[in-house]
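Line by line, the protein sequences give chains D and R. Residues in the first sequence are numbered consecutively from 1, following this note's numbering. Residues in the second sequence are numbered consecutively from 1, following this note's numbering.
Hints were generated in silico from the structure; no laboratory data involved. Possibly wrong hints are sitting among the right ones.
Unchecked claim - With a Cα cut of at most 16 Å, we get these calculated EDC-like pairs of lysine to aspartate or glutamate: (1) D/LYS100 x R/GLU44; (2) D/LYS100 x R/GLU56; (3) D/LYS49 x D/GLU64.
Stated by the list, open to error - Selected chain R positions facing chain D (in silico; Cβ < 10 Å): (4) GLY3; (5) VAL4; (6) PRO8; (7) ARG9; (8) ILE12; (9) TYR33; (10) SER58; (11) ASP86; (12) LEU91; (13) CYS92; (14) HIS106; (15) PHE107; (16) GLY108; (17) ASN109; (18) ARG112.
Unchecked claim - FRET-style restraints, in silico, Cβ to Cβ: (19) D/ASP8 x R/GLY16: 37 to 43 Å; (20) D/LEU46 x R/GLU52: 23 to 29 Å; (21) R/GLY85 x D/SER80: 22 to 28 Å; (22) D/GLU71 x R/ARG112: 34 to 40 Å.
Backbone N, C-alpha and C fix where the C-beta goes; we use that ideal spot for every residue, glycine too.
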Amino acid sequence: AQSVTQLDSHVSVSEGTPVLLRCNYSSSYSPSLFWYVQHPNKGLQLLLKYTSAATLVKGINGFEAEFKKSETSFHLTKPSAHMSDAAEYFCVVSPVDDYKLSFGAGTTVTVRA
Amino acid sequence: DTGVSQNPRHKITKRGQNVTFRCDPISEHNRLYWYRQTLGQGPEFLTYFQNEAQLEKSRLLSDRFSAERPKGSFSTLEIQRTEQGDSAMYLCASSERQVFGNSPLHFGNGTRLTVT
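In isolation and in its complexed conformation, chain D is listed as follows (with noise of 0.2 Å):
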């Protein structure tokens, strides 16, 4: 079984200032671990996946996520917010080779000006 649990519901930050949205997970199974954002009204979008061949990965948009097994997390970066980061940022935990995606509870994130 895996879960994702994502520590801050809600991030305000000031444009061109950093952005760090925490998520920590368990699994059973080495775990495939995504990124996705969602815009309001729209579907969901990768930003970024982690599926073992590096630690450190890079995605769209500046993002980028560290992966840390000893502290089993997952935390998503940008150096620097743009006023069209402000959307819903949900973590995502897979088991390898599986279909069924366990999202977090997500982290709204609001730019302010």
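With chain D fixed as given, assemble chain R onto it according to the hints.
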């Protein structure tokens, strides 16, 4: 790649009515998934197809729910005798199968159902 397409975008129905949603996956993807998302929550898995075969159904999918994927192309999700608790965003996703590791899911924009 035209993406995953879902219709309708919004559906308002009265309690007790039947509704049907359609999903057109990315054409070369053989896997298709349905998820449900309620307000303030992450999506929850409902069911999964590989080609035309429905391989798993979540316990969330009561007998009032049925999904089909004839010919392994588009899929429909029908809800019979809708209840107010069925109000949610219904998301469809597709993926291609990779030999190793998970192929990421590509999501549609969803169908928002409101049961009055």
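Evaluation of the provided hints:
1. About 9 Å separates the Cα atoms of D/LYS100 and R/GLU44, which keeps this hinted pair within 16 Å; it holds.
2. Simply put, D/LYS100 and R/GLU56 have alpha-carbon atoms about 10 Å apart, close enough for the 16 Å limit, and the pair holds.
3. For the given pair, D/LYS49 sits about 10 Å from D/GLU64 by alpha-carbon distance, which is consistent with the 16 Å threshold.
4. Evaluation of the R/GLY3 hint against chain D yields a held restraint, the C-beta minimum of about 8 Å falling below 10 Å.
5. Proximity of R/VAL4 to chain D holds as hinted, the smallest CB-CB distance being about 7 Å (cut-off 10 Å).
6. With a cut of 10 Å, the hint placing R/PRO8 at the interface with chain D is violated, because the nearest CB-to-CB distance is about 13 Å.
7. The closest approach between the C-beta of R/ARG9 and any C-beta of chain D is roughly 8 Å, which is under the 10 Å cut-off, so the hint is satisfied.
8. The closest approach between the C-beta of R/ILE12 and any C-beta of chain D is roughly 15 Å, which is over the 10 Å cut-off, so the hint fails.
9. Here the hint on R/TYR33 is kept, as its CB sits about 7 Å from the closest CB of chain D, short of 10 Å.
10. This hint holds: R/SER58 has a C-beta 9 Å from the nearest C-beta of chain D, less than the 10 Å allowed.
11. Against a cut-off of 10 Å between C-beta atoms, the interface hint on R/ASP86 is violated, since the closest Cβ of chain D lies about 19 Å away.
12. Given the 10 Å rule on beta carbons, the hint for R/LEU91 holds: about 6 Å separates it from the nearest Cβ of chain D.
13. The interface hint given for R/CYS92 holds, since its Cβ lies 9 Å from the closest Cβ of chain D, which is under the 10 Å cut-off.
14. Using the Cβ-Cβ criterion of 10 Å, the hint placing R/HIS106 at the interface with chain D is satisfied: the shortest such distance is roughly 7 Å.
15. With a cut of 10 Å, the hint placing R/PHE107 at the interface with chain D holds, because the nearest CB-to-CB distance is about 4 Å.
16. The beta carbon of R/GLY108 is positioned within 10 Å of a beta carbon in chain D (closest approach about 5 Å), and the interface hint is therefore held.
17. Hint on R/ASN109 holds. Least Cβ distance to chain D is approximately 4 Å, under the 10 Å limit.
18. Of the supplied interface hints, the one on R/ARG112 holds, with its beta-carbon coming within about 8 Å of a beta-carbon of chain D, less than 10 Å.
19. For the hinted restraint 37 to 43 Å between D/ASP8 and R/GLY16, the CB-CB distance of approximately 40 Å keeps it satisfied.
20. The given range of 23 to 29 Å is respected by D/LEU46 and R/GLU52, whose C-beta atoms sit roughly 26 Å from each other.
21. Between R/GLY85 and D/SER80, the C-beta spacing of about 42 Å breaks the proposed range 22 to 28 Å.
22. For the pair D/GLU71 and R/ARG112, the beta carbons lie near 37 Å from each other, so the given range of 34 to 40 Å is met.
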